[in-house]
Amino acid sequence: MADQMDIHRLELRLTELARGIEWPPTPDLRARVRRRIDRRLRGGLVVMLVAAAIALAFGTQVAVAHYLQLRGATLQSVPAVPSPLASPTGDLGRRYSLGDHYDSVALAARAAGFTPLVPAALGQPDDVYYRKDGRVVTLVYRPRPGLPATEDPQVGALVMEARGQVGRPSFGKLQGPGTGVEEVAVGRDRGFWISGAPHGFFIYDVGNGGTSFDSLRLSGDALIWNRGGLVLRIESGLGRDATIRLGEGLA
Amino acid sequence: MEGRPLEETEIVERAKRGDVAAYEELVRRYTEIAFRTACLVTGSAADAEEVAQDAFVKAWAALSRFRADAPFRPWLLQIVGNEARNRRRAAGRRATMELRVAEGLRVSGAAPSPEAEAEAAEERAALLYALTSLPDEDRQVITCRHLLQLSVEETASVLGLPEGTVKSRLHRALGRLRQLLEPIHG
Chain A
1 MADQMDIHRL ELRLTELARG IEWPPTPDLR ARVRRRIDRR LRGGLVVMLV
51 AAAIALAFGT QVAVAHYLQL RGATLQSVPA VPSPLASPTG DLGRRYSLGD
101 HYDSVALAAR AAGFTPLVPA ALGQPDDVYY RKDGRVVTLV YRPRPGLPAT
151 EDPQVGALVM EARGQVGRPS FGKLQGPGTG VEEVAVGRDR GFWISGAPHG
201 FFIYDVGNGG TSFDSLRLSG DALIWNRGGL VLRIESGLGR DATIRLGEGL
251 A
Chain B
1001 MEGRPLEETE IVERAKRGDV AAYEELVRRY TEIAFRTACL VTGSAADAEE
1051 VAQDAFVKAW AALSRFRADA PFRPWLLQIV GNEARNRRRA AGRRATMELR
1101 VAEGLRVSGA APSPEAEAEA AEERAALLYA LTSLPDEDRQ VITCRHLLQL
1151 SVEETASVLG LPEGTVKSRL HRALGRLRQL LEPIHG
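Residue numbers (our numbering), protein chains in the order written: chain A, 1 to 251; chain B, 1001 to 1186.
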């Protein structure tokens, strides 16, 4: 019998078999898929609400004209960059709202739950901070030969790092008139070089989906990009190409 | 391949406009084929459940790039196939789904004699045993095409192969399956 079994008969037998296969019970995925889609939608909504909240908080006619999102960061074009409510005083961590000071990168890493990358060209930072609500680690480098001061004479470079999560940004940037945004390659990664007139920079409250208004400040030239699971930002007075090289050398 | 009912075009269009309830209807319609396809590729019902869920969420996120007049099922199955193959690779195991035939299955129209029924059951068991004895890639292509009854295009999408490779692999796999069955029936 089987000697005469040709491919066509075999296919018919398989089709018959298909009707009798006992597959594992099919789960009902609708509710779970719905919840995950809702979470995504809320993530997008939070970003837009934050833009609106900034407008209200600073009493300006901020309107989002252009919107661009990296993983873990947002960049919005606004007709006027709002001014910070007040200039904080005190040490550098307080003035930049960087959070708690840590004695080493390793200790900050333990608090943050991820290992920050360190620029090979600069070595270990002079100071390390971790801001819990934004889950942002900041490495501070003081000016030194080869690393000129930014507009702040106490700062040579700030390297800020957070997990780059879609729909849950850590960094927000507001681009006003006179600020240029240029797409650049940082090694194999795509990033943005933001330069020209100072731009607004703030930290989102990742846990609560809001924004930390106290963190809004005006920033000088900065590079921002994603690498692996992180969103990274370098603010320095080195200029575009040297800052990109610094970013490429993070390890 | 048969055309897609107009109703589905409308559902897809609504989902593309952000109607989550419409998308839920697509999830309801295609969960079974997505889950079974993922079972076949991952070899695990638990992994398949995760894979199908991830695939539906990714398909939602990518809906803006999907042409509303294109058939939804092959597109979804391509995403399921990608997810499932990634999951299988990441798990680093070569699990095989254990398939069974339902007891008391009657495939002929007329009521068969008890002897004929027993013989048919035996042949089905032999066929299934032979199928599960095939190498992984042969078994997968036959199972996709004949047990899940996917089109050649869908099978190619799920397994990440060109359609021509699916056809040639299927031909070779059926030949091997026939060879395996010969001693049993000879």
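Simulated from the structure, these hints should not be mistaken for lab results.
Small disclaimer: the values here were computed from a predicted structure and weren't measured.
Built from N, CA and C at the ideal position, the CB exists for glycine as well.
Among these hints, one or two may not hold up.
Restraint ranges, calculated between C-beta atoms of paired labels, are given here [stated by the list, open to error]: (1) B/Asp1019 - A/Gly228: 47 to 57 Å; (2) B/Ala1070 - A/Gly187: 28 to 38 Å; (3) A/Gly187 - B/Glu1153: 37 to 47 Å; (4) A/Gly146 - B/Asp1019: 55 to 65 Å; (5) B/Lys1058 - A/Gly228: 35 to 45 Å; (6) A/Asp38 - B/Pro1162: 58 to 68 Å; (7) B/Arg1067 - A/Asp189: 46 to 56 Å; (8) B/Arg1172 - A/Ala242: 17 to 27 Å.
From chain B, some residues computed to sit far from chain A (all C-beta separations above 10 Å) [claimed, not checked]: (9) Ala1070; (10) Asn1086; (11) Gly1160.
Among the chain A residues that face chain B by a calculated CB cut under 7 Å, a handful are [as the list claims (entries may be wrong)]: (12) Ile7; (13) Leu12; (14) Leu14; (15) Leu17; (16) Val33; (17) Arg35; (18) Arg36; (19) Leu238.
Hint check results:
no. : hint                             : verdict
1   : B/Asp1019 - A/Gly228: 47 to 57 Å : 35 Å, violated
2   : B/Ala1070 - A/Gly187: 28 to 38 Å : 37 Å, holds
3   : A/Gly187 - B/Glu1153: 37 to 47 Å : 38 Å, holds
4   : A/Gly146 - B/Asp1019: 55 to 65 Å : 57 Å, holds
5   : B/Lys1058 - A/Gly228: 35 to 45 Å : 20 Å, violated
6   : A/Asp38 - B/Pro1162: 58 to 68 Å  : 38 Å, violated
7   : B/Arg1067 - A/Asp189: 46 to 56 Å : 31 Å, violated
8   : B/Arg1172 - A/Ala242: 17 to 27 Å : 59 Å, violated
9   : Ala1070                          : 21 Å, holds
10  : Asn1086                          : 17 Å, holds
11  : Gly1160                          : 22 Å, holds
12  : Ile7                             : 5 Å, holds
13  : Leu12                            : 10 Å, violated
14  : Leu14                            : 4 Å, holds
15  : Leu17                            : 6 Å, holds
16  : Val33                            : 5 Å, holds
17  : Arg35                            : 10 Å, violated
18  : Arg36                            : 5 Å, holds
19  : Leu238                           : 37 Å, violated
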